[in-house]
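*Asks:* Given the sequences, and given the hints that come with them, work out the whole structure.
Read in my numbering, the sequence shown has 93 at position 93, and its numbers run on one by one without any break.
What the hints contain is simulated information worked out from the structure, not anything from laboratory work. It cannot be assumed that every hint is accurate.
[Stated by the list, open to error] Pairwise CB distance ranges (calculated):
id, residue 1, residue 2, range
1, S144, V51, 17 to 23 Å
2, A130, I26, 26 to 32 Å
3, R92, V51, 42 to 48 Å
4, E138, K97, 52 to 58 Å
5, E98, I31, 21 to 27 Å
6, L93, A130, 24 to 30 Å
7, K139, R94, 49 to 55 Å
8, L147, I66, 20 to 26 Å
Glycine is no exception: its CB is placed at the ideal position from the N, C-alpha and C atoms.
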Amino acid sequence: MKKKENKPKIKFRSLYASKSVNYVWIMVITIITFFMAIILGYFSLVLMGMVSFFVAIILLLTIISIGVFFDLLGIAVTAAEETPFHAMASHRLRGAKESILILRNAGPVANFFNDVIGDISGIISGTASAAILIKINEKVNIKSLVLSMLLTGIISAITVGGKAIGKEIALR
Numbered sequence: 001m002k003k004k005e006n007k008p009k010i011k012f013r014s015l016y017a018s019k020s021v022n023y024v025w026i027m028v029i030t031i032i033t034f035f036m037a038i039i040l041g042y043f044s045l046v047l048m049g050m051v052s053f054f055v056a057i058i059l060l061l062t063i064i065s066i067g068v069f070f071d072l073l074g075i076a077v078t079a080a081e082e083t084p085f086h087a088m089a090s091h092r093l094r095g096a097k098e099s100i101l102i103l104r105n106a107g108p109v110a111n112f113f114n115d116v117i118g119d120i121s122g123i124i125s126g127t128a129s130a131a132i133l134i135k136i137n138e139k140v141n142i143k144s145l146v147l148s149m150l151l152t153g154i155i156s157a158i159t160v161g162g163k164a165i166g167k168e169i170a171l172r
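*Replies:* Right, dumping it as structure tokens:
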């Protein structure tokens, strides 16, 4: 008969078991997001109505790029380790202490970058695409359903593909 090996049991513990929920942060970020979305949505709609078709496309791509960039930053903050920044701080490199502060607050920082900026830019890109569709329908008589589906697919593909590239970069 074979003897059973006495392997030590691995105990898993939650990293957040000892941390309490920060309800103040949740309320503040919810309110900030609400007002940011209203203000940015208003300006994007007004701006899209005043510019030409090609400028509207460039603005749309800029909005998508902002969302992708901030998603990259949020992932980088959550993936980074604090140890190298302590070494940098000991050599008094500029920005090392601030980096440690950001890493110690990775949850709220990533929430702001990924969820607030990223999601607002996603919503505003949808609004901007609707404004672009209105511009197209004013000039050309094309079936708006097909065009809407096509534009939605293109915007989604650019956004998701860009975020996938950004996550690969951020995790290195």
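*Asks:* Confirm or reject each hint.
*Replies:* For each hint, the structure was consulted:
1. S144 with V51: 17 to 23 Å: holds (20 Å)
2. A130 with I26: 26 to 32 Å: This hint holds: roughly 30 Å between Cβ atoms.
3. R92 with V51: 42 to 48 Å: Holds: the Cβ-Cβ distance is about 47 Å, inside 42 to 48 Å.
4. E138 with K97: 52 to 58 Å: holds (54 Å)
5. E98 with I31: 21 to 27 Å: Since the Cβ atoms of E98 and I31 sit about 26 Å apart, the hinted range of 21 to 27 Å holds.
6. L93 with A130: 24 to 30 Å: violated (46 Å)
7. K139 with R94: 49 to 55 Å: Given a distance of about 51 Å, which is inside 49 to 55 Å, the answer is holds.
8. L147 with I66: 20 to 26 Å: Taking Cβ atoms as reference, L147 and I66 lie about 25 Å apart, which means the hint holds.
Checked against the numbered hints above, the structure violates only hint 6.
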